[in-house]
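Could you build all of it, start to finish, from the sequences and the hints given here?
Chains A and B, in that order, are what the protein sequence lines are.
Heads up, the first sequence is in our numbering, so the first residue is 1 and it goes up one at a time.
Heads up, the second sequence is in our numbering, so the first residue is 1 and it goes up one at a time.
No wet-lab data here; the hints were simulated from the structure.
Take these hints with a grain of salt, some might be off.
Unchecked claim - Simulated pairs of lysine to aspartate or glutamate, EDC-like, Cα-Cα distance not exceeding 20 Å:
{"no.": "1", "chain 1": "B", "residue 1": "Lys30", "chain 2": "B", "residue 2": "Glu5"}
{"no.": "2", "chain 1": "A", "residue 1": "Lys224", "chain 2": "A", "residue 2": "Glu100"}
{"no.": "3", "chain 1": "B", "residue 1": "Lys366", "chain 2": "A", "residue 2": "Asp497"}
{"no.": "4", "chain 1": "A", "residue 1": "Lys200", "chain 2": "A", "residue 2": "Asp5"}
{"no.": "5", "chain 1": "B", "residue 1": "Lys30", "chain 2": "B", "residue 2": "Glu276"}
{"no.": "6", "chain 1": "B", "residue 1": "Lys366", "chain 2": "A", "residue 2": "Glu283"}
{"no.": "7", "chain 1": "B", "residue 1": "Lys361", "chain 2": "A", "residue 2": "Glu520"}
{"no.": "8", "chain 1": "A", "residue 1": "Lys369", "chain 2": "A", "residue 2": "Asp5"}
{"no.": "9", "chain 1": "B", "residue 1": "Lys366", "chain 2": "A", "residue 2": "Glu504"}
{"no.": "10", "chain 1": "B", "residue 1": "Lys361", "chain 2": "A", "residue 2": "Asp278"}
{"no.": "11", "chain 1": "A", "residue 1": "Lys431", "chain 2": "B", "residue 2": "Glu276"}
{"no.": "12", "chain 1": "A", "residue 1": "Lys124", "chain 2": "A", "residue 2": "Glu100"}
{"no.": "13", "chain 1": "A", "residue 1": "Lys398", "chain 2": "A", "residue 2": "Asp364"}
{"no.": "14", "chain 1": "A", "residue 1": "Lys505", "chain 2": "A", "residue 2": "Asp278"}
{"no.": "15", "chain 1": "B", "residue 1": "Lys177", "chain 2": "A", "residue 2": "Asp334"}
{"no.": "16", "chain 1": "A", "residue 1": "Lys431", "chain 2": "B", "residue 2": "Glu5"}
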Amino acid sequence: MPDYDVIVVGAGVNGTGIARDLSLRGMKVCLVEKGDFASGASGANTGMIHGGLRYMIYDIDTTRHSCLDSGYIQKIAPFLLFRLPFVMPLELKATLPFFETYFEVYDKYARLKNGMPHTMLERKDIVQLIPNIADHVKYAVTTDEWGIDPQRLCALNGLSAQSHGAEVRLHTEMVDFLKDPGGNIIGARVADKSGYHELKSRMVMQATGPWIMRTSQKAGVKVKIRPGKGVHITFDRRLLNYSLIIAMVDGRMGFIMPHENATILGTTDDDYYGDPDDLRVTEDEVDYLLEGAARYLPDIRKARMVRAWVGIRPTLFAWAKNEDKLSRDHKVFDHELSEGVRGIVSIAGGKLASYRLMSEEAADLICKKLGNDRPCQTHLIPLPGGEKEVDEKALAQKYGVPQYAAHRMIYRHGARSEQILELTRERPELKDIVCRCEPVLAAELVWCIRNELAATLTDLRNRTRLGTGMCQGTRCAVRAMAVLTRELDMSAGEAEDSLLAFMEKRWKGNRPVLQGRTLEQEELNQASYFLVGNLNRLLSEK
Amino acid sequence: MKKIETEVLVIGAGLAGVAAALSAAKAGKKVLVIGRESGASAMNSGAIDVASDPLALPGRPQRWNADAAKNIEELLLRTPDHPYGLISQSAEKILARVKDAVELVFPSSEGFLSGSEKTCRLVFNQIGTFKQTSFTQTHMLGVSEIKNARSLLLLGFSGLGDFDPGFFAKNLSHWAKELGANAKLAIAEIETDGLSGKSSLEVSRWLLENLGPVTQEIGKAIKTHNPAVVVLPAVIPGEVRKEFLDRLENIYAIEAREPLSLPPSVPGKRLAQYLENRLKSQGAERLIAKAAGFEQGSGGIQSVTAETAGEKLQIFAKCFVLASGSFLAGGIAKHDSFRETIFGLDVFSNNGVPGEIFTEKLTCNKVRGPHPLFSVGLKADRDFRVLDRQGKVAYQNLFAAGAILCGANYIFDGTAGGTALATGLAAGQNTANY
Numbered sequence: 001m002p003d004y005d006v007i008v009v010g011a012g013v014n015g016t017g018i019a020r021d022l023s024l025r026g027m028k029v030c031l032v033e034k035g036d037f038a039s040g041a042s043g044a045n046t047g048m049i050h051g052g053l054r055y056m057i058y059d060i061d062t063t064r065h066s067c068l069d070s071g072y073i074q075k076i077a078p079f080l081l082f083r084l085p086f087v088m089p090l091e092l093k094a095t096l097p098f099f100e101t102y103f104e105v106y107d108k109y110a111r112l113k114n115g116m117p118h119t120m121l122e123r124k125d126i127v128q129l130i131p132n133i134a135d136h137v138k139y140a141v142t143t144d145e146w147g148i149d150p151q152r153l154c155a156l157n158g159l160s161a162q163s164h165g166a167e168v169r170l171h172t173e174m175v176d177f178l179k180d181p182g183g184n185i186i187g188a189r190v191a192d193k194s195g196y197h198e199l200k201s202r203m204v205m206q207a208t209g210p211w212i213m214r215t216s217q218k219a220g221v222k223v224k225i226r227p228g229k230g231v232h233i234t235f236d237r238r239l240l241n242y243s244l245i246i247a248m249v250d251g252r253m254g255f256i257m258p259h260e261n262a263t264i265l266g267t268t269d270d271d272y273y274g275d276p277d278d279l280r281v282t283e284d285e286v287d288y289l290l291e292g293a294a295r296y297l298p299d300i301r302k303a304r305m306v307r308a309w310v311g312i313r314p315t316l317f318a319w320a321k322n323e324d325k326l327s328r329d330h331k332v333f334d335h336e337l338s339e340g341v342r343g344i345v346s347i348a349g350g351k352l353a354s355y356r357l358m359s360e361e362a363a364d365l366i367c368k369k370l371g372n373d374r375p376c377q378t379h380l381i382p383l384p385g386g387e388k389e390v391d392e393k394a395l396a397q398k399y400g401v402p403q404y405a406a407h408r409m410i411y412r413h414g415a416r417s418e419q420i421l422e423l424t425r426e427r428p429e430l431k432d433i434v435c436r437c438e439p440v441l442a443a444e445l446v447w448c449i450r451n452e453l454a455a456t457l458t459d460l461r462n463r464t465r466l467g468t469g470m471c472q473g474t475r476c477a478v479r480a481m482a483v484l485t486r487e488l489d490m491s492a493g494e495a496e497d498s499l500l501a502f503m504e505k506r507w508k509g510n511r512p513v514l515q516g517r518t519l520e521q522e523e524l525n526q527a528s529y530f531l532v533g534n535l536n537r538l539l540s541e542k
Numbered sequence: 001m002k003k004i005e006t007e008v009l010v011i012g013a014g015l016a017g018v019a020a021a022l023s024a025a026k027a028g029k030k031v032l033v034i035g036r037e038s039g040a041s042a043m044n045s046g047a048i049d050v051a052s053d054p055l056a057l058p059g060r061p062q063r064w065n066a067d068a069a070k071n072i073e074e075l076l077l078r079t080p081d082h083p084y085g086l087i088s089q090s091a092e093k094i095l096a097r098v099k100d101a102v103e104l105v106f107p108s109s110e111g112f113l114s115g116s117e118k119t120c121r122l123v124f125n126q127i128g129t130f131k132q133t134s135f136t137q138t139h140m141l142g143v144s145e146i147k148n149a150r151s152l153l154l155l156g157f158s159g160l161g162d163f164d165p166g167f168f169a170k171n172l173s174h175w176a177k178e179l180g181a182n183a184k185l186a187i188a189e190i191e192t193d194g195l196s197g198k199s200s201l202e203v204s205r206w207l208l209e210n211l212g213p214v215t216q217e218i219g220k221a222i223k224t225h226n227p228a229v230v231v232l233p234a235v236i237p238g239e240v241r242k243e244f245l246d247r248l249e250n251i252y253a254i255e256a257r258e259p260l261s262l263p264p265s266v267p268g269k270r271l272a273q274y275l276e277n278r279l280k281s282q283g284a285e286r287l288i289a290k291a292a293g294f295e296q297g298s299g300g301i302q303s304v305t306a307e308t309a310g311e312k313l314q315i316f317a318k319c320f321v322l323a324s325g326s327f328l329a330g331g332i333a334k335h336d337s338f339r340e341t342i343f344g345l346d347v348f349s350n351n352g353v354p355g356e357i358f359t360e361k362l363t364c365n366k367v368r369g370p371h372p373l374f375s376v377g378l379k380a381d382r383d384f385r386v387l388d389r390q391g392k393v394a395y396q397n398l399f400a401a402g403a404i405l406c407g408a409n410y411i412f413d414g415t416a417g418g419t420a421l422a423t424g425l426a427a428g429q430n431t432a433n434y
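So, in structure tokens, the structure goes:
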């Protein structure tokens, strides 16, 4: 007897989306993830539910899907999306009519996602919006997109699946597939802290993103992708309030955009054949991004880079195309049909904006195979927190917390914020702001540990943006660790381990951008935890 | 621009700057110290490291070597460019220099520090982990203090966000057991009316106003638990600390101890305040001013321009000591390339001149380092004169001391205090001979 109908491998946006979809249709699902929610590509993208403007010429389907689904996501998680007006500089006056027409077409799709129609701007309008824009920008066109916190999106999908009966096993690695004598897949062998386990299922869904070629090899099926490395830089504060579409030195499209209280610059797109578990940003990539951005915002070279981060796009394979010309479309692989291997389905490609639709397509196929004819409901049922709107001022007053903290909490948790703050009734000390950069209340940490499967300091960072600000955890890491240790009754060794793992993760991001204040901060951070805390000497290297 | 004249100008008011200023003043020089109001010393944990075990095996504190002379020998073998090597190649001689400097800056009559330059001891911090160090401010919690204590009482302060007694206790108990100390630990919380989520510094300021009632609360807790050692978070303000701790110890016949602090650090503030007082009492002048540029003359540096609140100064001196620290204190900066911030001096790393070297090459993939990046600094000769990239003396009358010197990596080698004090002392003495 199988333990589950479906094991979904990978808790990125596709894995969590599919797990949610299947659970809502009454399937018994187990979601297995070796790290945390969104620890691969899903957590390392620009965080845009954009309509695929640039795909319109050669990939109009992606544009339409993206726009349509962006509208659905707004319905199920209104608190998690924020409007992102875009300014796209135009170099030549002669090209204005072309762009006018181009955006007229796009406006039709943009309507599907409640986007405002485009406007054409001249220099005098542009400097009103972005005062520090470079002199050569004389014309621009605006369009309207939506931003999102992709970490939250994945976590909420996973948690929604859980609340509809799915078993979510984070920090559990799928090490191999279980097969019948005919080579068909009948489950998965997984490893977690407690050891190895065999899980039997009627179907296994591979949503392993950039790891998909590795996992497919184990399954004996074929999925080919063109993994593409994408690097972003985060700057302290908002350098602008509108997103700027820029051209990189090689003519590729890039973005400089405000996100929460920071600015994001991205991205690179390079074929990547290395180890997806060992990703590093090089200074060369940082310089490439700065070079492109400085042409539009010369000041950006003086701005404070806080960190650089990287992910691998699991783009569908195509021969003889440059990276940025690859289709962002997705594919659901029916291995029974293509290779005669039963019990396994895979998904690859696609983009964040159309995750829900891709999940629906994959879930449809699985349901068909398993004889379930219930329809998809993921566009109708709100994600956790999306049930109703919250009045932030009233909430802040009711519980006696600063409104700016309530504002940020509502952005992350929507209607659940009230339940989170309810924790402070019994324990008023949970109103303490643990992370002052972001800001994050102790109550939110407790909530995420109890209700959102956060088990390490890095999980807490993913759920709440703890330690993401300019101090990069210098102040808050140990305070949050104390909360975590108490909640989970961790041993001293586990606590110190988790703290060091968090520092390792922060270091990966800080290392390529160490200069100016960020370098000073890093000296303080390492002096705190190594010179005084001595963590590097107390914990033996594993 | 206002013009000022002095004999020795020291830039930087941290440990190195103060050691240099005091040794020059002792030799009869007229000394002026400029620098920020609080530099990296104000973030000091309460410990002054001279020589931790460079071979310390991670996870095996029982086997860390406590003999400072041995540690320095190992250190110089592995990092021949360490500034200790400029003082001498003999560990004994280096330690003698450290001892002189400690006696100059922290004379035992002041009762500010306790410890020894010869032997490392293990001291706890506010996380509940511990490190090897040589000196600490008095009353800091060492492993030895809890080894034989019958019972400990840990006091928390409600509303102090920087110190979590439960977390501290868990770590402390774990490590105490590993190290063979089996003291019983009780926790009590001192009520601080109306405080919530405050930093150590905020609670420290609050304490200054509320010391009376807090002392009573602490007394009650001690009577209830009857401990041998009381552990308090490091929040007692410097102004009242000695008197307060002495009173506790005398009235209740206990030992009162504090763990080392992470920034923002009250022990750091106490150290900065102590150094200011020490400068004043020894006749060195002090101005809070930021050095911004310099003028060159025939004999080397002629003057340094500095900015105070609302005023520009031109400071003429015969001799200059640069003790402006590393990145955190602002002595060295990196923006695209590395540079020394006042004189534009050549900056070195172990691999050479790092102007064109990416930080990527100066860092390891894993954070637990040590990263050569934090060893970047100035090169100096045996007289602590700054050298340029040809190996020549940059300016005849410019000396450097402390964390701005290249070769040391204080985060990982545990020599920050000793290096600052000993090189400061030497640079100060050399200005006197100049």
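A quick look at each hint next to the structure:
1. B:Lys30 to B:Glu5: At roughly 9 Å apart (the allowed maximum being 20 Å), Glu5 (chain B) and Lys30 (chain B) satisfy the hint.
2. A:Lys224 to A:Glu100: violated, 38 Å
3. B:Lys366 to A:Asp497: Roughly 14 Å separates the two Cα atoms, so the pair holds.
4. A:Lys200 to A:Asp5: holds, 9 Å
5. B:Lys30 to B:Glu276: The hint holds at about 17 Å.
6. B:Lys366 to A:Glu283: Satisfied, since the Cα-Cα distance of roughly 16 Å is no more than 20 Å.
7. B:Lys361 to A:Glu520: Distance ~18 Å between Lys361 (chain B) and Glu520 (chain A) Cα, so the pair holds.
8. A:Lys369 to A:Asp5: Between Lys369 (chain A) and Asp5 (chain A) the Cα gap is close to 11 Å, so the pair holds against 20 Å.
9. B:Lys366 to A:Glu504: holds, 7 Å
10. B:Lys361 to A:Asp278: holds, 18 Å
11. A:Lys431 to B:Glu276: The given pair, whose Cα atoms are some 38 Å apart, is violated under the 20 Å limit.
12. A:Lys124 to A:Glu100: Distance ~19 Å between Lys124 (chain A) and Glu100 (chain A) Cα, so the pair holds.
13. A:Lys398 to A:Asp364: Answer violated: Lys398 (chain A) to Asp364 (chain A) is near 44 Å, above 20 Å.
14. A:Lys505 to A:Asp278: Distance of about 12 Å is within 20 Å: holds.
15. B:Lys177 to A:Asp334: Violated, at roughly 57 Å.
16. A:Lys431 to B:Glu5: violated, 54 Å
Going through the hint list in order, the structure does not satisfy hints 2, 11, 13, 15, 16.
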